[in-house]
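S.K.: Sequence:
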Amino acid sequence: GEVCNMINKKYNEFLPSMQSAEELVAQVDGLSSNIDLLRASIENEVQRDLNVAVAEFTELKQQLERDTLVLTVLKKLQEFDRAIKEHKTALLEKKYVAAAQQLEKARSSLRNLESRKGFELKILRALGTELTVQTQNMLCHLGEEWQKLIVWQLPPSKGAHKSSLEAVVHSELHLHTMPSKEEEVAGPPVASVLQALSVLGELHTRLKAFGQLLLKYILKPVISYPSLQPLTEERPDVLILRFKSKEPALDQSSPMEVFDKLKLIFEALHKYLLNVPLEQPGEDRKDGRVTLAELLGELIWEELSNCLVQNCLVNSIPTNSSKLEQYTEVIKSTEEFEKALKNMQFLKGDTTDLLKYARNVNSHFASKKCQDVIAAARNLMTSEIHNTVKITPDSCVTLPQLPEPGSGDHSKMQNPSNLVHNGTVNLEGETRLSQYTFSLPTCRISSSVEQLMELVYQTLLEATVSTDQCCVQLFYSVRRIFQLFYEVVPTYHKESLQKFPQLAAIHHNNCMYLAHHLLTLGHQFRYRTTNILSNGAASFVDLVPAFRRLGMECFKAQMRVQKEEILERLSSARNFSNMDDEENFRAANKAIRQVLHQLKRLGQVWQDVFPVNVYCKAMGTLLNTALAEIVTRIVALEDISAEDADRLYSLCRIMVEEGPQVFTPLPEEEKNKKYQEEVPVYVEKWMTFKELMIILQANLQEIVDQWADGKGPLAAEFSAAEVKSLIRALFQNTERRAAALAKIK
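Sequential numbering of the sequence shown, starting at 1441, is according to our numbering.
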């Protein structure tokens, strides 16, 4: 019963909501059919009317746009026309700025017209032509005005060379830029001419041309010719700028004088011309105003400042340290010059290249000094080798005195042992070395090499009183000098060194002399630069072996040439065989005479050039070459007749008697005896040669005695085989010969 009640109750609640839902469905169906009717009616009628309206509207809109465009174009044409008319009126009244502005207005109208696509009017070309004609006409007027304002009186170009001093003295610049009282109203002021040119974009071109003339005829000549004095003459209606020429005191003006002359010129230009303010809108102009000075400065300052650096400041850089301190005056006057130009608005911005250059004097000083040193060194290296000076263990390199580092007054002189001795070197704080430890033997060197060493010492001395930077640069320049010598001299003088034995000897001495100085160079100088060049870094010892080698190689090459010549001459002696034949004997005699002649000539060209010990070794070696060759040839003979032996002996005697006479190391004849007597010391084969002569004259018994069981003088010079070979050649085959041969072993 419970359950039935529950179901009835729920059903009773459900029924009413079911009915209301059915009513809703019916309502929706009705609305839906209404909407369908409405849509059908819109699609059929309203849409059609709407399409018509839109089409009409679009057409009207296009019509309006066309009319507006035509109107705009007509307005622009009218603007163009009005601008041209007003321009013409203004031009007649000499209102140049207004005239120029109207032209620009016309130009902008024309641009506007030209920019419209789909609207090309034939008339535009005619308007363009009209504008060009008007612009050119106006520029013509302005050009005439400009030429009235700024008048250059230049000499005819045919006569004087354009930029020569002559031409400059006859050039004048006239500025008619000061309006006189009555004219003040009538004539257009300068500003309006310039402003009009500016508006038309023509000022830059005019100013550039003016700037170039100014540089050529006024500014650069002032820098280049010390004799020019600028003069300004102010009359009521004109300023005249010209030059008078007077004899200059010096070849070059000081920067101070040049700056003063330039200031005078700029002040005149500023007063009469450059101080004109112009309206010139631009990116970096604050209020769109700029003076003519500023525009001209932008055009010519770079060229002017380069010219000042190259032709004025470069020459003023001092060449020795003592003058460096006075250079502050130049830096100061450069600062003042720039300041004056800034006040005239010719320059803007800070420190220009000109001032940077002046302030960087230390670095320029070092560079200039180094360039000068290297150039001087190169000159010396390429000068003649054969101009010589004699040096002895007592020779010195003379040095200039330099002021003490940092002392303002130049009275206190620092004297680093004013003469650098070839003999002694004072090594500070150590015990003094024997006078001859580092001494150079007496010989001849090229005077250019002595001067080169003087240059080196001067440069190093200069380094000791220089700033750190400069000191290091100078030190390395000196190293560069030696490297240059090593590279330049052997190549530059190559042919002479091969061809002339005397030059080879001098070059050998030059190298040894430089090597000698390189050993101690650097120790004599106490550098202020505590850190950079101390601790032994500032020595040149590492270059010594290379220079010794350079000298030796040249000397050895020359010795080879001479040896070959000796052997070449002896080769024509027909092997010294069959001397009983007259012709053979003559050939051998001639060969020996030629060799002696060659040695004698060498003995003379090397005399007083080589150090004595080098001389004796060289001559000894060459004489030895000749003797050794003669011995070899004679020992090789298989048959020597008695007459052959006599003739060979006589030839050998010539060598022994005349050979020593080629030793003439010194010009004083009597001093050479000593060296001629010492010949056996320098000629290795001397005793061998003497023994050979003994054999040529000896009998068998004497030969056996000379051998003395291998203990005699003969055994010291020849082997048993050589002696046997000689015995066989000299003596016929007998029992006595056999007995003698048996004893040689």
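One or more hints might be untrue.
[Claimed, not checked] Estimated spans, in silico, between C-beta atoms of each pair: (1) Y1932 <-> T1768: 41 to 49 Å; (2) V1591 <-> T1645: 16 to 24 Å; (3) E2023 <-> R2177: 46 to 54 Å; (4) V1591 <-> K1779: 27 to 35 Å.
To be clear, the hints were calculated from the coordinates, so they are not data collected in a lab.
Positions of the beta carbon are idealized from the N, C-alpha and C atoms, including for glycine.
S.K.: Starting from the hint list further up, note which numbers the structure goes against and sort them upward.
M.R.: 3
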